[in-house]
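With these hints in hand, go ahead and build the complete structure from the sequences.
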Amino acid sequence: MSASTTKSMDEIVALCRRRGFIWQSSEVYGGINGFWDYGPLGAQLKKNLKDAWWQDVIKTPPAGPDGADLDIVPVDCTIIMNPKVWEASGHVGGFNDPMVDCAETKKRYRADHISCYGVVDEKDGRENAEPTTIGYVATLAATEEEFFTSYRENEKKFFKRLAKAFGKPVMVQLPGEGVPYTNLQGFDRKIVLGPDATEVGTLTEPREFNLMFETYVGAIRDEESKAYLRPETAQGIFTQFWNVVDTARVKIPFGMAQIGKAFRNEVTPRNFTFRSREFEQMEIEFFIRPETAGEWYQYWRDTRYAWWQSIGLAGDNLTLREHDKDELSHYAKEGAGVCDVEYRFPFTAPGYGELEGIAHRSDFDLKAHATACGKGDKLMYRDPVTNEKFFPHVIEPSAGADRGTLAVLCEAFTPTPDRAGSKYVMKFVPRLAPIKAAIFPLVNKDGMPEIADKLYRQLRNKYTIQTDAKQSIGKRYARMDEAGTPYCFTIDGDTATDQTVTVRDRDTAEQTRISLDKVESFLAEKIGD
RNA sequence: GCGGGUGUAGCUCAGUGGUAGAGCGUCACGUUGCCAACGUGAAUGUCGUGGGUUCAAAUCCCAUCACCCGCUCCA
-18 MSASTTKSMD EIVALCRRRG FIWQSSEVYG GINGFWDYGP LGAQLKKNLK
32 DAWWQDVIKT PPAGPDGADL DIVPVDCTII MNPKVWEASG HVGGFNDPMV
82 DCAETKKRYR ADHISCYGVV DEKDGRENAE PTTIGYVATL AATEEEFFTS
132 YRENEKKFFK RLAKAFGKPV MVQLPGEGVP YTNLQGFDRK IVLGPDATEV
182 GTLTEPREFN LMFETYVGAI RDEESKAYLR PETAQGIFTQ FWNVVDTARV
232 KIPFGMAQIG KAFRNEVTPR NFTFRSREFE QMEIEFFIRP ETAGEWYQYW
282 RDTRYAWWQS IGLAGDNLTL REHDKDELSH YAKEGAGVCD VEYRFPFTAP
332 GYGELEGIAH RSDFDLKAHA TACGKGDKLM YRDPVTNEKF FPHVIEPSAG
382 ADRGTLAVLC EAFTPTPDRA GSKYVMKFVP RLAPIKAAIF PLVNKDGMPE
432 IADKLYRQLR NKYTIQTDAK QSIGKRYARM DEAGTPYCFT IDGDTATDQT
482 VTVRDRDTAE QTRISLDKVE SFLAEKIGD
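Just so we're aligned, residue -18 is where the first sequence starts under our numbering, counting upward by one.
Misleading hints may appear alongside valid ones.
Each computed BS3-like pair below joins lysine-lysine, with the alpha-carbon atoms no more than 27 Å apart [said to hold, decoys possible]:
#1 Lys348 with Lys242
#2 Lys370 with Lys356
#3 Lys451 with Lys404
#4 Lys149 with Lys171
#5 Lys(-12) with Lys404
#6 Lys499 with Lys456
#7 Lys232 with Lys348
#8 Lys40 with Lys443
#9 Lys65 with Lys104
#10 Lys232 with Lys137
#11 Lys443 with Lys65
#12 Lys242 with Lys65
#13 Lys104 with Lys149
#14 Lys507 with Lys28
#15 Lys348 with Lys370
#16 Lys40 with Lys242
So the derived label-pair ranges between C-beta atoms look like this [said to hold, decoys possible]:
#17 Thr185 with Asp57: 38 to 48 Å
#18 Ser502 with Glu369: 50 to 60 Å
#19 Ser206 with Ala353: 15 to 25 Å
#20 Thr478 with Lys28: 37 to 47 Å
#21 Glu506 with Asp479: 20 to 30 Å
#22 Asp488 with Asp57: 50 to 60 Å
In short, the hints are calculated from the structure, not lab data. Glycine is no exception: its CB is placed at the ideal position from the N, C-alpha and C atoms.
In structure tokens form, the structure reads like this:
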């Protein structure tokens, strides 16, 4: 069992609050479910993560499978778009799932997943070709055959339950198609026996769960002005694909990338920031020739997995999981594959939670928008060399910035019960650490504060540096341990005479002396620019 | 949305109807000679919120909000 499974999420959340990494949004008003703010340390940490992504994805991505450099261009699209975007992408249909609750069993179902089969009085059913339906039995079975098989296994019990629920011996109207619960009207919904229920009529009316946030553009609030907050940043990229081809001097294969907020009105936000209703995505859409999907899918899967390792999630807590065919999205059924980079969070352990999904989305989105906007095949990509026309396929690595930040926080969190000072150390890789180094005068007199201040001013142009002269040195080290600051430089009584300072290492608490004028090069070596 | 639990200072918690508390932390001053040191002092509370019962509510009742756990959901 890995170390992270023994970490306490409560302690991590407490440290995040105490040190100013993450707070509840609008906390003074009692908060708001599913929304989180980043404090000073958290905002810097998340920015460092996004900067690392921007650097490694847009500026210097590793060479492609053919050894050539990649061309990836950034865009920054709006959160509110023409609502037709979301009709074409399938979100208006797909994100509105009517739900049904069962008052008896306390279970919740998607209304369109429940099939209802008519039930008739046994006597009536024997005597008449078209007997009167006296109720329905609901099942989660997808097909009539599956339903038939499921109750055949214990037929006696099944009909006993029905007889009890309907107050008389009954027959089920088979063969015949099951009717989705959503298609039942009015009174019929009151005579349905829910799955696993013993009483009739315990299912509620279907209720719409709008997973997209709605808003209105302009002064008038009517259907015409309705718009949505984007549930993913990807569609902005797809809708600007043609402008990028026309202006950015790119040719297939190339990528578009953006970082931005997205919104999903989740049914149950849970697990700290893991499932937030407002969150930030770091998305790449990499456009390719269809026949190269396999090699590019592999490239991105390996590249993205290695990237998460490079920012500190290097141990057993990180995993790469290929999706089974049956859990694939509508756009990815026939593709090179879909996989998730997953992290074992304390609240998912021993399981994992998704950080990034890498999917071969085929040409679903470009085709959908080309069709929906009415231009169709005129919007096909033309290969400038062969003049061949086609809709490019897409490999989409889509990462969660907030989930990534949370994973980094969880991974860095290290209780240190044996250490003399700090109870906790946040072991961020230096590249992500919100504060790169701290500078302390050992005591607040004898010229030490002046030397510390001079060193601080020298370094702060290049690095995020803090200085602190208050309270005991142990307390100051401990605070920096919880902030995850990799190095502390301390000016002591010897500094004025021999021009050296001590360097304290966050992870070992060990100290070494280095020359005052070597501090900057020390940081450059350990932290990078 | 359902069921269960929780909510008092920044944190951990005590307080069963009668003056709002402790420890830690924070801040100031003093001290200091490398790991949450010490001394003195200070600030900090809509007792989650709203309503009700009562002469009197942190305490009893109702509603509501937030968080945690379990369902459910997560194209």
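Right, here's what the structure says about each hint:
1. Lys348 with Lys242: Holds, at roughly 25 Å.
2. Lys370 with Lys356: holds (15 Å)
3. Lys451 with Lys404: At roughly 20 Å apart (the allowed maximum being 27 Å), lysine 404 and lysine 451 satisfy the hint.
4. Lys149 with Lys171: holds (17 Å)
5. Lys(-12) with Lys404: holds (13 Å)
6. Lys499 with Lys456: holds (26 Å)
7. Lys232 with Lys348: holds (18 Å)
8. Lys40 with Lys443: holds (20 Å)
9. Lys65 with Lys104: violated (53 Å)
10. Lys232 with Lys137: Cα-Cα ~66 Å, so violated.
11. Lys443 with Lys65: violated (46 Å)
12. Lys242 with Lys65: holds (20 Å)
13. Lys104 with Lys149: holds (10 Å)
14. Lys507 with Lys28: Judged against 27 Å, a Cα distance of about 20 Å means the pair holds.
15. Lys348 with Lys370: holds (13 Å)
16. Lys40 with Lys242: holds (21 Å)
17. Thr185 with Asp57: 38 to 48 Å: holds (43 Å)
18. Ser502 with Glu369: 50 to 60 Å: holds (54 Å)
19. Ser206 with Ala353: 15 to 25 Å: The hint (15 to 25 Å, Cβ to Cβ) holds, given that serine 206 and alanine 353 are roughly 20 Å apart.
20. Thr478 with Lys28: 37 to 47 Å: holds (40 Å)
21. Glu506 with Asp479: 20 to 30 Å: holds (22 Å)
22. Asp488 with Asp57: 50 to 60 Å: With a Cβ separation near 37 Å, aspartate 488 and aspartate 57 fall outside 50 to 60 Å, so the hint is violated.
Checked against the numbered hints above, the structure violates hints 9, 10, 11 and 22; every other hint is satisfied.
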